[in-house]
Every structure is written in structure tokens, then in C-alpha cells.
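K.L.:
I would like the entire structure built from these sequences, with the hints used as guidance.
Top line first, the protein sequences correspond to chains A and B. Note that UniProt numbering has the first sequence beginning at 1, numbered continuously upward. Note that UniProt numbering has the second sequence beginning at 1, numbered continuously upward.
I should point out that these hints are in silico values taken from the structure, not numbers from a laboratory. The structure presented is a predicted model; accordingly, all values stated were derived computationally and were not measured. Not one of these hints is a red herring.
When the alpha-carbon atoms are kept at most 27 Å apart in a straight line, the in silico BS3-like pairs for lysine-lysine are as follows:
1. Lys195(A) - Lys230(A)
2. Lys240(A) - Lys185(A)
3. Lys252(B) - Lys157(B)
4. Lys236(A) - Lys300(B)
5. Lys126(A) - Lys151(B)
6. Lys259(B) - Lys90(B)
7. Lys112(B) - Lys157(B)
8. Lys206(A) - Lys236(A)
9. Lys308(B) - Lys230(A)
10. Lys300(B) - Lys157(B)
11. Lys320(B) - Lys104(B)
12. Lys206(A) - Lys240(A)
13. Lys130(A) - Lys151(B)
14. Lys126(A) - Lys152(A)
15. Lys308(B) - Lys281(B)
16. Lys236(A) - Lys151(B)
17. Lys243(A) - Lys206(A)
18. Lys230(A) - Lys300(B)
Some residues of chain B that are not near chain A, with every Cβ distance over 12 Å (derived):
19. Ile101
20. Lys104
21. His134
22. Asp158
23. Gly219
24. Lys271
25. Leu317
Even for Gly, the Cβ is constructed at its ideal location relative to N, Cα and C.
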Amino acid sequence: MNHLPQAWGRPRDDIYGAYDNSYLQSHGPNQHTQQPIVTGTSVVALKFKDGVIIAADNLASYGSLARFTDVKRLRTFADTSVVGFGGDVSDMQYLDRLLNSLDTEEAYSSSGHTLNAHNLHTYLSKVFYKRRSDFNPLWNQILVAGLDGESKPFLASADLLGTTFSSPSLATGFGAHLAQPLLRKVAPDEEAAAKLSKEQALEAVKESMKVLFYRDARSLDNYSIAVVTKDGIDLKENEKLEKQSWAFADQIRGYGTQIN
Amino acid sequence: MCLSALNPNTRAIVPGAPKVQQTTELQRPLQIPIHPQLLTLRTSQSTLEHHGTGYDLTNSVFSPDGRNFQVEYAVKAVENGGTSIGIRCKDGVVLAVEKIITSKLLKAGANKRIATIDRHVGAVSSGLVPDGRHFVSRARDEAASWRSTYKTPITTKDLASRMGGYLQAYTLYSSVRPFGITAIVAGWDSELELPVDGQVGSGPSIGSGGKVEGKTFGGPGLYMIEPSGLYWGYYGAATGKGRQTAKAELEKLDLAALKLSLQDGVKEAAKIIYVAHADNKDKEFELEMTWISNIDGPTKGRHQEVPKDILEEAENLAKKYLEGEDDEETKDDDKPAEGDKMEE
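P.N.:
Rendered as C-alpha cells:
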């Protein structure tokens, strides 16, 4: 040890040579988001005659821990669109602020024009694509539901890779495997979706949310659901799954030979 | 420099430069008020000569009696602009501006003068219109930067403070000129417990959370910012050509009691702009009016244009009121101008 405080705790120069300060700097690549941390699970959505229905549960998981149980993953935009977020919740918060400032700035131009769901989806997909091209993705898959420039129902997906697609029904994450088959039963194509009533569509979406709660270990029975039509957005954020069926469980004993 | 400072009647002469005519009186209008106490302090017998020795040629320069003449000239630019007013009501704030129609070729209702900042604040100014636009642009940047720092909308008070600071900075350097506007900034700060931007969930449902029971926040805000950077909060504010008349009308309303409703505020604002315009009858004008209500009101806490039907109704009432006044023939227009100069 010597009298120089900056040398204290460091290897002695006279024995090990001058300390190489470059070890204190990081010369490696920037460490961007490598994986999601707090996550939301599926978002499901279905077009019908007059608009679109979109739903997502209120859970944000921390790994397998059901950490936050009142996280609203549906966000409205400009009274005509709803964005449903799956994936990383902190990135969802970032996107929410981005949409907020976009909405404010759009209102500054006195044209009176507001962005419709189609415009919004284009914007978000370009944000996602830019970020993945920078090797710094926003770890989400989103569904944009609302009305397009001709006031027709609009539904499309965008994700962390910048991939986009559209369909009469859409679901992210687990929902793509479990809910999509159910939704496609009621709306196999655009023609079928254009004939669906709001009640039929609501029933199909609620049924999908129930199946997801049965089979997705990162899901919750509290959910948000929004119906977008020309009349505006009807957003309910504290819905509870109804009519679950668990009575049959009493009859199940053991894993094979056990009798009571 | 030294020469001119020592001898008030000589300007520094650059060799070879054309001789500057000694037109000290013409350098600036003469009606700038001089504090009587300062008059007694003078050793020179001609105060006006003393003033005209370059103290008004450069921004940020103090005159011997401690004034920045360039700022006072900016105020003159404001005094020629169309009248702008703001009224702070019980459940909202109203902004109105008199837009002189300089040409029949201008499209009616197309050239907006009142701007929105964020969603909940409105701003209007009298004076140089481009300076007003610069003001609004800066205010929008300030509001956005506030949001990115605090994740919550800027309060009207904080925005006024920041913009006051911004205008004041333009009195500090000779390389810039002061703003040729007096701006009125009006907003409604939500009294609700708003989620911060991007918030997910609502946090713990038990525990104090640092909240004080029964304490409410928010409400209407109205501020007027002058070219010097000086700003105050007002119950009712007026600036521009018709400010004297407008102020007299505003004083009749007892705004301090905060009893005037927003709907009535709109009618009063239209009336005041019409009354203030009466001194300037030869020119046509257009009334532009915006409002911000509380969350239960017609604009739900946002700054918006007053809807056409309500605006027309208010204008008709204003016209009727003016006709009634004309009939009485009891005009006492030429009241002495008071409170016209910048306050300290």
C-alpha cells in the first residue's frame, strides 16, 4: 500500500505492472434488450359486422411469478383505435408514451385529421422494424384494432421483428395456438366476419379468453375487453371470466390405477 | 464609446464614415414616461437629450435610470396588435382574440391565432404574429420535455414560469431582440388523480401512498407574459390595442370571486372583444375563441375551439349589447389611459 488513495485496493504496480485501466471500460457491443422481463400474455381480437372486439387479461408476469395483477394492456388511441400489447411490459409503457406524444402532436396540425387504426398500425410496424434493425428490439407483439380510412373494421398485427399481417381474427402468443382455431370457427374468412353480429363476436372472444385461462399458465381470469365501432370505443377494464367448468374435477382420482 | 459616454451630445465618430445627423429626438417616440423622482436627480437640464445617447439602440443595455428601452419598444409593437383576452372562470378558462381582417381575400376562420399546447393549455398573443408562433413552438417543446421528465402534463403555472424565463432570456443579450408579443397562457390542471404517462396497474390498494386525505389539486390557470419576461397570474387578462377598454370590462365582472361559469365566460369574452373593437370601428374583424373546461365540462379538460353554435350565440349577444349601448348615447370613451406602462 502507498499514500495514493487511487492505488488502494488495486494490485501493486511494482509487482504486477501499471494497472490497465482499459479493463474498466467496456469495449464490447452495446447490450440491448436480450429478453423480456415482465411480460403480458395473449391478446385476442375478432372483426365483426360493425367493428372489432379486442381482449387481453390483466396480468403482468415476472417469469412464472404472477407479479402484477391489474395491468391494463389495452390502450385507446384517438377515439377510433385500440392497441393490445403482448410481451415486455416496460416496452409497452414506452410505446404507450410514444403514442401519447404522437396523439398530442397530431392534434397540433389544424387539419382536423386524426390517425385511423390503419395509419397507427403502419406507424407502429415501422417503429418495430427500425428497432429490430438496430438490434435493439421492442419485445412485443401487438394487435391494432379499430376503423380504417373508410370507416371499415380494421385488425392487424405487428411484432418485435417488424412482421405484419392481417386477418378477420388474430391472437398473439398462446392465443395464436388456442384462441385462433376457436375464432376461425365463427369467422373463417372476411365474408363470414362481415356477417357476424356483435353478440356472436363477443361470445366467441369471451370463450377464447376462458380457454386461455384454462390452459395458459401465465394467464389470469381478470381481463380487459374493448369493442370499437363507429359510435366509439366501449372499453371495460375489470371483467371477470364467467361460467368456468371445474365440477368434473371431483371425479378424477390418481394417474391410472388409484380407486379413491 | 468613452467619448459618447462622457459627452452626451456626441456620438463616437468613425473616420471616413458619413457624419451621423444629430436627430436624437427622432430615435424613439417621445412619450416614454420618465419617473418623476429620476427627473429631480438629473444634472443635465435637458432630459430628452440625455436619453437619446444610444441607450435605446441595443438590447440588454441599461439606461441611466435603469431601463431597457428595446424592451419598451417591443411593448409598443404589442400595443398595435389585435386585442387578446383571457377569462378565468369557476369551471374553466376562455381565450379570445380580435383578428383584424386585412383583406377580403383571407378565408374566414382559416388563420388560427390561438394555439394548443399539450392538450390542456391554450395560448394567444398580441403583437408580432411570427413571434407568437415562436412562443407557441417553444411552449410545446417545454410541455413535451416536462412530460418526458415527469411523465405527467405540465401545469399552467409551470409552463408560464418556463416561458417567462424564455422571454426574459431575450432581454439579456445584444445579439437577440426581445419578443414583440404579450402572450396569454390559459389552462386547466386536472384535479383528478391522473395516472402517470405509460403507467400500468394502480399500485398497492392499501397503505397511505403519501396521499393527504381530502386535499385537492388543480383548477384553472391564467397567466400573461410580457416582452420583459414579466408574468403574473390573472383573474382576467387583456393585451393589445383594446386592452384599456377590455380591462375596464373585465374589472366589472368580479372574477376574483370565481363564480362566473364557463358558459357565461364565453359570452362575456365575446362582449369584451366587441366592446374593445368599438374604438377601431373602421376595420372589420373576426372573433376567435377557445375554452378549456374541467373534466365534467364540455371539453373534458382539453383546450378546444368554442363550438360554432355557442360562438355565434355569444357574438349575437355581444352585438345586441353594443346596439343597446349606442342607443343610450352615454359614451365616455376617452377615459385617461392608466396602468399602460409595464409594471415593475
